[in-house]
Amino acid sequence: MSNPTHLQYTKEHEWLTAAVDGVSTIGITAHAADALGDIVYVQLPAVGDTVTAGETCGELESTKSVSDLFSPATGEVTEVNQEVIDDPALVNSEPFEGGWLFKVRVEATDELLDADGYNALIGA
Amino acid sequence: MSLRLTALDALHRSLGATMTDFAGWDMPLRYGSEREEHLAVRTKAGLFDLSHMGEITVSGPQAGELLDHALVGFISALGVLRARYTMICREDGGILDDLIVYRTADDEYLVVANASNAQVVLDALTERAAGFDATVRDDRDAYALLAVQGPEAGGILAKLTDADLPGLKYYALLPATVADRQVWLARTGYTGEDGFEIFCAPADAEHLWTSLTGAGTDEGLVPCGLSCRDTLRLEAGMPLYGHELSTELTPFDAGLGRVVRFDKTTNGGEFVGRKALEEAAAAAEANPPRKLVGLVSEGRRVPRAEYSVVDAEGAVIGRITSGSPSPTLGKPIAIAYVDAAHAEPGATVAVDVRGKAEPVQVVALPFYKRAR
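Protein chains in written order, with this note's numbering: chain L, 52 to 175; chain G, 2 to 373.
These aren't lab readings, by the way, just hints derived from the structure by calculation.
C-beta atoms are modelled at their ideal positions from N, C-alpha and C, and glycine is treated no differently.
A hint or two may mislead.
Per label pair, the in silico range of CB-to-CB distance [claimed, not checked]:
| id | chain 1 | residue 1 | chain 2 | residue 2 | range |
| --- | --- | --- | --- | --- | --- |
| 1 | L | Ala140 | G | Gly215 | 25 to 35 Å |
| 2 | L | Ala171 | G | Lys170 | 55 to 65 Å |
| 3 | G | Ala313 | L | Ser116 | 46 to 56 Å |
| 4 | L | Ser144 | G | Phe263 | 50 to 60 Å |
| 5 | L | Ala86 | G | Arg373 | 31 to 41 Å |
To give an idea of the chain L side of the interface with chain G (calculated C-beta under 7 Å), a few residues [claimed, not checked]:
| id | residue |
| --- | --- |
| 6 | Asp89 |
| 7 | Tyr92 |
| 8 | Thr114 |
| 9 | Lys115 |
| 10 | Asp119 |
| 11 | Ile173 |
Facing chain G, a subset of chain L residues (Cβ under 7 Å, in silico) [to be verified]:
| id | residue |
| --- | --- |
| 12 | Gly88 |
| 13 | Val98 |
| 14 | Glu112 |
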């Protein structure tokens with residue numbers, strides 16, 4: 052699955068959208084989802100929480116492992132994806148669409164990569 | 002050190018497998034979704050490359066006596082073309098490995114060790130062979146090993162062989178011709194399903210793999226990696242060396258004392274570890290230590306290996322050895338050593354999942370048993 056050019060990426064394999072009314076949508080990349088394998092549980096920050104760029108804000112559990120979820124942005128969480136909480140397999144099947152994780156009112160971000168930069172990082 | 006490759010390495014890569022280092026071998030972890038591979042084995046069939054397993058041939062007039070001395074089982078009592086699950090222990094009773102021994106002829110046995118322990122087992126057997134009229138041969142490079150597992154396995158295999166499959170009992174084997182290749186065909190596995198393991202020449206592995214894949218298309222056979230092999234064996238309550246079994250534990254600690262045959266009559270009843278194992282058996286009888294039990298969680302966070310089992314006050318009462326989401330049960334499951342006082346099925350205990358106590362119920366193993 053190719054990495055969409057309209058998104059920005061982190062070295063920790065998250066993506067985020069350009070802000071709309073100050074709010075960006077955040078998820079993990081197809082590369083990350085493939086590496087984890089079947090995802091069985093996602094723990095996300097709660098609406099109203101403040102997350103910090105580069106810091107842990109949740110976890111993703113797959114058959115074989117549990118991984119920290121790092122926020123690519125600092126700001127208040129405005130929405131979480133209940134569908135992904137109910138059906139974590141969405142992260143595997145639609146990592147860039149239905150498998151989005153949460154939305155943040157962005158105050159700051161980590162250093163971000165464009166799709167080309169991320170492709171280079173993962174050797175795609 | 003570079004990883005060892007199986008005879009099917011190029012084929013796995015062409016199938017897009019995610020590979021993993023397993024005991025020094027580059028092995029397929031999964032080809033697609035490990036959950037779907039798991040469910041295919043439970044409902045249809047799966048095809049595995051298990052060529053990392055360590056084959057050792059023991060032969061000679063005293064091959065059976067040697068194995069009776071070196072292992073805890075009564076191996077010489079095994080019928081020709083039958084197989085047995087057994088263990089090799091240290092003098093102090095600690096488990097060096099768990100094994101399957103196949104009797105391939107009157108004076109020949111095929112010992113199959115875990116990949117991670119193959120050298121240890123080979124060294125121990127070689128050392129213990131002193132004084133016996135028997136030879137121990139490293140056959141790791143002589144065999145590739147494929148497994149076809151699942152309810153459709155017999156039907157798929159029947160398309161490729163004239164061997165008497167209905168007559169081949171569980172834990173038995175046959176020299177057979179499969180897809181025009183000479184193999185050892187065994188009705189064994191590590192999935193909790195009916196199935197077969199095929200020991201073949203490495204040069205024949207690819208032909209057999211593609212023949213089986215072709216024969217199994219209509220039945221829904223899929224290639225399966227080690228990830229689902231682990232969840233299949235976990236649901237079936239089967240121990241994995243390095244998790245449930247180790248040199249720190251005796252077979253009695255692991256609830257598998259039945260594999261120790263104090264009643265064997267060869268070598269005057271003596272075998273490596275006998276004295277320590279008799280003490281371990283008595284201790285397990287009088288004052289059971291921690292017991293190996295199953296745990297089922299109603300939550301969604303997974304109790305994983307090395308997590309602590311705790312009581313209502315948070316005191317540590319056990320340790321998880323294996324844990325995973327169970328595709329069949331749809332819940333997280335785990336195997337754990339738990340203090341005997343808390344090990345009764347039905348008891349509610351908790352697992353410390355990264356700082357939060359998640360309630361789990363103690364259940365008897367296995368989690369899954371196929372309908373026969």
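Against the structure, the hints:
Roughly 30 Å separates the CB atoms of alanine 140(L) and glycine 215(G), a value that falls within the hinted 25 to 35 Å. The hinted range of 55 to 65 Å is satisfied by alanine 171(L) and lysine 170(G), whose Cβ atoms lie roughly 57 Å apart. For alanine 313(G) paired with serine 116(L), a C-beta distance near 29 Å fails the hint of 46 to 56 Å. Between serine 144(L) and phenylalanine 263(G) the Cβ separation comes to about 55 Å, which falls inside the hinted range of 50 to 60 Å.
A beta carbon spacing of about 39 Å between alanine 86(L) and arginine 373(G) agrees with the range 31 to 41 Å that was offered as a hint. A least Cβ separation of about 5 Å between aspartate 89(L) and chain G falls short of the 7 Å threshold, and the interface hint therefore holds. Because the smallest distance between the Cβ of tyrosine 92(L) and any Cβ of chain G comes to about 5 Å, under 7 Å, the interface hint for this residue holds. With a least beta-carbon distance of about 5 Å to chain G, the hint placing threonine 114(L) at the interface is held under the 7 Å criterion.
Annotation: lysine 115(L) was flagged as interfacial toward chain G, and the flag holds, the nearest CB pair being 6 Å apart, inside 7 Å. Hint status for aspartate 119(L) relative to chain G: violated, with the closest Cβ pair at about 10 Å, above 7 Å. Violation of the interface hint for isoleucine 173(L) is found here, the shortest Cβ-Cβ separation to chain G being roughly 14 Å, above the 7 Å cut-off. Given the 7 Å rule on beta carbons, the hint for glycine 88(L) holds: about 6 Å separates it from the nearest Cβ of chain G.
The closest approach between the C-beta of valine 98(L) and any C-beta of chain G is roughly 20 Å, which is over the 7 Å cut-off, so the hint fails. With a least beta-carbon distance of about 6 Å to chain G, the hint placing glutamate 112(L) at the interface is held under the 7 Å criterion.
The structure is inconsistent with the numbered hints 3, 10, 11 and 13, although it conforms to all the rest.
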